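**Student:** We have chain A; now place chain B onto it with these hints.
Protein chains in written order, with my numbering: chain A, 1143 to 1284; chain B, 9 to 177.
Hint data in this document are derived by calculation from the structure and do not stem from the laboratory.
Some hints could be false.
[Unchecked claim] Between beta-carbon pairs, the in silico distance windows are: (1) B:R25 x A:V1249: 56 to 62 Å; (2) A:F1245 x B:S158: 56 to 62 Å; (3) A:L1253 x B:L62: 47 to 53 Å.
Here the structure is a predicted model, which is why all the values come from computation and not from measurement.
Note that CB positions come from ideal geometry on N, CA and C, so glycine has one too.
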Amino acid sequence: MTHTDHQQRISLYIDNVLNDRESSELFAHLAGCSECRTSMRISMHVRTQIANEELSDVPQTLDRRVLASVAHANATLERQTWYSPIWFTRISIPLPAAASIVFLLIVGSLLFYPLLTPEQQQQVKVPAELMSKVPSALQKAF
Amino acid sequence: MDLRNGSMDAFEELYHRYKRHIFTFCLKLTGDRSLAEDATHDTFLKMHLNIGTLNDLSLFRSWLFSIARNGVFRQLHRQQRNGSLDEESVWSEETPLTLTEHNDVATIISACINTLKPEYKEVLLLREYEQHSYDEIALITGNSESSVKSRLFKARKALAEKLKPYFKD
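For reference, chain A alone in the conformation it holds in the complex (with noise of 0.2 Å):
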């Protein structure tokens, strides 16, 4: 292995994603190259220090900012929704299915077209046990 391979090691161990044998050639190496002892004292000095770090505070202004733009989002989306008319309104039928129900509507309309003609109508006759139950009003449509 070379230098920079160890050294690229000396990465992966302060990662914690090296095995054992891997970590073994490592600190072997490391007892003969104090180049490398080094930089690997100095990376963990870098983690220890930035673990350390307190993380900035977000100035109030920054917080009245997000929340108002926020709030002024939820309340565009809101219009739009009440003002949305009906019919701009998606509705969700899969394709094949929406296919289907417009070829059966066609295959229906030809096979019952005949029913609809007038002389088909006159040769429907409604059972009187129905008709009794059919509104006076109404009785005289049939």
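**Tutor:** Just chain B, lined up with the frame of chain A:
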């Protein structure tokens, strides 16, 4: 998730939980308070508007950081549009630090990190400050895991070189 229904309470809870993390990340990445504030603002607004597109809520943290990261990089690229980026160089062109003026090691480390190029700084910040895993960093930055490992190595090596004079045996 209430946030998907536009709940302001749910938004505020998430905002207060992550705001310092996102703001610190943006601030360290840009080195500019005003830019960091804008980037943080845009990040949370985008989070609110696009939360419906996030299918796996377990990826929320990485997703949020990727929004912040992309926002910051858009701003930085806009600023650097006229200059050329040297992919091989680890250090930023601007080096405002004169290390010998500082005695505090913490200040020196912080200043050295600030002089790293954004591509290297971001992986170091995500790894060291936020303890993101390699695959999370890959997700956030849109790079492969091996690229993340390589950038981390280069960033640490460059930092070690710069800091060597302060760590003599």
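**Student:** State the violated hints by number, sorted upward, taking the hints as numbered earlier in the document.
**Tutor:** Hint check: nothing fails, all pass.
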